[in-house]
Amino acid sequence: MRARAVFRFSIQALSGHGLRTGLSLIGIAIGVLAVVVLTAIGEGARRYVIAEFATMGNNVLIVVPGKVETTGGMPGMGGTENDLTLEDTLSIQRSLPSIRHIAPIATGTERVSFGSLSRDIAVIGTTSEFFPLRQLEMAYGQFLPVEDLDRGSQVCVIGSKVQAELFANQPAVGQVIRLGAYRFRVIGVLAKHGKSLGLDIDDVVIIPAVTCLKMFNKTSLFRIMISMDQSAEIEWLKPQVLNLLIDRHDGVEDVTLITQDAMMTTFTSILAMLTAVLVGIAAISLTVAGIGIMNVMLVTVSERTQEVGLLKALGATGKQVLMLFLSEAIVISLAGGLSGLMIGYGLLALFMRLVPGFDVSPPTWAAITAVLVSVLVGGIFGVMPARKAARLDPIDSLAGGQR
Amino acid sequence: MIRLTDVSRVYTVGGQELRALDHINLTIQTGEYVSIMGPSGSGKSTLLNMLGCLDRPSSGTYELDGQQVGNLSESELAKVRRYRIGFVFQSFHLIKRLPALENIALPLILDGVPHDQARDRARAALDSVGLLKREHHRPNQMSGGEQQRIAIARAIIMDPSHLLADEPTGNLDTKSGTGIVDLLEDLNKRGKTLIVVTHDPEMGKRAKRAVRMVDGRFASDSAQGGA
Ligand SMILES: Nc1ncnc2c1ncn2[C@@H]1O[C@H](COP(=O)(O)OP(=O)(O)OP(=O)(O)O)[C@@H](O)[C@H]1O
Ligand SMILES: [Mg+2]
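As they're listed, the protein sequences go chains A and B. Under the working numbering, the first residue of the first sequence carries the number 1, and numbering increases by one thereafter. Under the working numbering, the first residue of the second sequence carries the number 1, and numbering increases by one thereafter.
Honestly, I wouldn't trust all of these hints.
[What the hints assert, rightly or not] Which bits of chain B does chain A cover? Going by a derived footprint, with three or more residues having C-beta under 8 Å, they are:
no., stretch
1, 93 to 99
2, 111 to 122
3, 127 to 135
By construction, these hints were calculated from the structure, which means they are not laboratory data. In this text, a Cβ means the ideal position worked out from N, Cα and C, and glycines have one as well.
My request is simple: use the sequences and hints to build the entire structure.
Written out as structure tokens, the structure reads:
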């Protein structure tokens with residue numbers, strides 16, 4: 001018997017029971033839908049995070065105030081947390097001369113205005129070192145001047161979007177803008193840069209660190225960024241910086257050091273865990289769906305006992321009967337898999353339309369695997385009912401199983 | 001040619017042995033027309049199923065066209081049924097969801113004949129039973145007599161040498177029953193061995209040879225004039 005004929009026979013049998021077939025394929029569809037949507041979102045998140053941290057550079061160390069507990073110690077027992085200060089920055093810079101660049105970063109949000117235009121904006125307080133560290137480029141003017149850390153002049157550098165919004169086509173350099181109650185002279189405009197490390201560089205105002213801390217009445221920095229010539233030096237640098245800061249902070253480890261490597265490793269392991277959970281969910285839902293298909297096929301076989309008897313009388317072998325019923329189970333699960341896939345792609349397309357910029361196209365391997373696995377589920381759970389049909393005695397079944 | 005030698009078929013029901021066929025000896029030449037009659041439960045269907053290779057002897061041997069059938073495997077037996085036996089049942093046994101043409105083509109499809117070719121041959125068979133116009137009709141859109149004609153077309157589509165009919169007119173009125181018998185006899189005249197189980201004495205008389213069964217044995221086996 002030809003494969004096409006088997007398929008045709010299955011379709012004819014199933015289309016007579018549209019509702020039943022539809023209900024039994026829902027389970028598979030949901031399983032596949034879940035896999036496609038969740039892997040797509042996972043993939044999207046992975047791409048997003050990789051793109052973010054790729055810009056960080058593997059020769060960069062970031063110091064964040066506060067200890068991120070990963071060892072499960074008792075929180076709050078390690079004493080009070082100290083601020084991460086400009087003095088800390090200075091001290092690191094002085095004691096570790098092999099450091100290439102080091103930049104303190106303070107942040108805040110303030111209302112920026114020029115003339116009659118004004119809006120809220122992210123403010124970054126840093127030093128001249130920030131420029132080479134983040135590999136920025138200037139469109140006009142220059143970056144923050146090299147000056148002592150504790151000397152904050154009232155100058156600023158603005159992102160390209162800020163320039164466009166506040167000044168339109170007019171030159172910005174030399175103009176004075178207001179940040180809250182303070183006045184700043186624009187000394188430079190950054191070239192278009194885009195987002196990196198969760199910050200839209202085009203949409204910020206950059207001012208000296210001290211000025212920023214004072215303006216927002218803050219004592220602690222947001223970050224300290226350090227870069228080395230070689231990425232290999234980072235591992236050496238880490239304990240040096242850590243010990244120095246512990247020393248300065250009365251023996252309390254109250255900072256967290258972030259490197260690209262460590263972030264990637266952490267993120268990869270989180271993703272692996274999510275994937276494992278996803279596989280678990282998929283396995284459970286597909287198993288339940290498979291049992292549903294098995295149940296429907298058992299009903300089908302008992303309803304069509306006479307047909308099996310007839311097929312055998314017409315010369316169908318047990319193997320052929322098996323194939324016919326197995327194929328029905330597979331057609332159900334394949335239909336379920338394909339509908340799940342289609343609905344999944346539909347939802348993701350909708351999502352991407354609503355949230356532009358976050359690419360969640362599902363990975364091809366996931367789509368293909370999902371459909372193959374759904375076929376497999378039909379195959380596995382269809383075997384038992386199909387065997388039952390294949391083993392029916394032709395005479396008994398022709399009599400309608402009445403004997 | 002059919003040759004049963006000392007064939008018994010024993011059912012065990014609740015520890016009791018029941019001999020549905022009791023040491024039967026029977027030889028039927030190719031092209032014969034045999035009717036099997038007898039009271040209910042005498043073993044007629046059991047015998048016919050045995051002849052059609054749907055069943056195996058509990059003891060004794062069955063030789064079909066020179067081949068010992070008793071020790072063939074399940075799938076070999078299926079092939080024997082496919083190529084050498086055509087069944088006609090009392091209740092037609094058509095598949096309700098399939099139109100007439102596809103019901104008839106079923107044995108060809110099982111045999112791996114390509115779809116188009118199978119349809120052409122099925123159409124020819126449909127024509128030979130005079131129902132070409134019913135090609136697309138489903139079983140429930142046809143009368144009993146027509147359904148049985150479709151079933152006969154299906155039985156002969158593989159051109160088997162033996163036609164086995166178990167009460168083929170049992171569900172039909174006299175008129176359409178006669179039509180079916182005419183059709184079967186016509187096929188017998190063209191060389192097919194025809195074996196008919198029937199309760200209808202009129203029909204039984206039309207065969208050239210009449211076998212009478214009682215309690216799993218032959219009470220009589222006689223040549224007769226036929227129609
Ligand atoms: N699968 C079975 N299990 C047990 N006994 C059976 C089975 N099949 C048939 N028999 C018995 O074998 C005997 C012969 O049955 P069979 O069906 O051949 O009779 P029949 O002559 O065709 O009767 P009818 O004219 O009513 O169709 C009966 O007594 C029946 O009960
Ligand atoms: Mg009977």
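| said: Can you confirm whether chain A covers the stretch 111 to 122 of chain B, using C-beta to C-beta distances below 8 Å and requiring at least three such residues? | reply: Since three or more residues must qualify, the claim that chain A covers the stretch 111 to 122 of chain B holds, with 4 doing so at under 8 Å.
| message | Count the residues of the stretch 127 to 135 of chain B whose Cβ falls closer than 8 Å to any Cβ of chain A, and tell me whether that reaches three. | response | n = 0 at 8 Å, threshold three: violated.
| Within the assertion that chain A covers the stretch 93 to 99 of chain B, do at least three residues meet a Cβ-to-Cβ distance smaller than 8 Å? | holds (count 4)
Consistency note: the structure conflicts with earlier hint 3 alone.
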